[in-house]
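Q: Each chain, letter by letter, is given below.
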Amino acid sequence: DSGVTQTPKHLITATGQRVTLRCSPRSGDLSVYWYQQSLDQGLQFLIQYYNGEERAKGNILERFSAQQFPDLHSELNLSSLELGDSALYFCASSPRGLTQETQYFGPGTRLLVL
Amino acid sequence: KNQVEQSPQSLIILEGKNCTLQCNYTVSPFSNLRWYKQDTGRGPVSLTIMTFSENTKSNGRYTATLDADTKQSSLHITASQLSDSASYICVVRLNTGGFKTIFGAGTRLFVKA
Chain Y
1 DSGVTQTPKH
11 LITATGQRVT
21 LRCSPRSGDL
31 SVYWYQQSLD
41 QGLQFLIQYY
51 NGEERAKGNI
61 LERFSAQQFP
71 DLHSELNLSS
81 LELGDSALYF
91 CASSPRGLTQ
101 ETQYFGPGTR
111 LLVL
Chain L
1001 KNQVEQSPQS
1011 LIILEGKNCT
1021 LQCNYTVSPF
1031 SNLRWYKQDT
1041 GRGPVSLTIM
1051 TFSENTKSNG
1061 RYTATLDADT
1071 KQSSLHITAS
1081 QLSDSASYIC
1091 VVRLNTGGFK
1101 TIFGAGTRLF
1111 VKA
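First to last, the sequence lines map onto chains Y and L.
Under our numbering, read the first sequence as residues 1 to 114, first letter to last.
Under our numbering, read the second sequence as residues 1001 to 1113, first letter to last.
Careful: at least some of the hints might be erroneous.
Stated by the list, open to error - Label-pair ranges, simulated between beta-carbon atoms: (1) L:Arg1042 with Y:Glu82: 23 to 31 Å; (2) L:Leu1014 with Y:Thr7: 33 to 41 Å; (3) L:Lys1001 with Y:Ile60: 16 to 24 Å.
Said to hold, decoys possible - DSS-like cross-link-like pairs, simulated, lysine-lysine; straight-line CA separation at most 30 Å: (4) L:Lys1057 with L:Lys1017; (5) L:Lys1100 with Y:Lys9; (6) L:Lys1017 with L:Lys1071; (7) L:Lys1001 with Y:Lys57; (8) L:Lys1057 with L:Lys1001; (9) L:Lys1001 with L:Lys1071; (10) Y:Lys57 with L:Lys1100; (11) L:Lys1100 with L:Lys1057; (12) L:Lys1057 with L:Lys1071; (13) Y:Lys9 with Y:Lys57; (14) L:Lys1071 with Y:Lys57; (15) L:Lys1001 with L:Lys1100.
Please keep in mind that the hints were generated in silico from the structure rather than gathered at the bench.
Cβ atoms here follow ideal geometry from the backbone N, Cα and C, with glycine treated the same way.
Next comes chain Y alone, as it looks inside the complex (with noise of 0.2 Å):
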């Protein structure tokens, strides 16, 4: 268990829906990440967040956005969706966002979109 916790676990929606994805970071860590993993592009960085503020983009969508709240837990958000927006979609967290340090992933939220 890395400490990370994700939720939903499983998202079923469809076309055209929006859903938003939350992640709790391991206690202590102020930075947080966000990844899209699908089967035909692998795994994707999308966002990074440090301490509430937005620290680097990576491939993600202007349909997706996400933030970082107060207490350090984040949202991503993804709207109008599509069917190519099925993946697993990942958060991971460090302690303070520096480039060599270990991140830790949580187990994921699986989405569907049909």
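Following the hints, complete the assembly by docking chain L onto the known chain Y.
A: For chain L alone, kept in the frame of chain Y given last:
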């Protein structure tokens, strides 16, 4: 173009045997290279992190090597166990202002009894 290529795509070995997984990258400027183990349907777990100046790093039965000149890394697994069956992902981070990270496609390892 920044790329990370892993080989082989998949590998089957007998329990107790050793194996070596390869990672070649064409990433610049290089910051660090990580190896992750990912069990099916679960989040990746960090095995090693190596910077430009590190040649070897071990984590139990896992030993990673890095040759920054040839831009190659390997992950050696000693005395494999059934629980080593997983995907092993090589990840290279660029030394840029953002969080530019290139993921390999992974090597799927099957350890048989």
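Q: Run through the hints listed earlier and report the numbers of any the structure violates, in increasing order.
A: none
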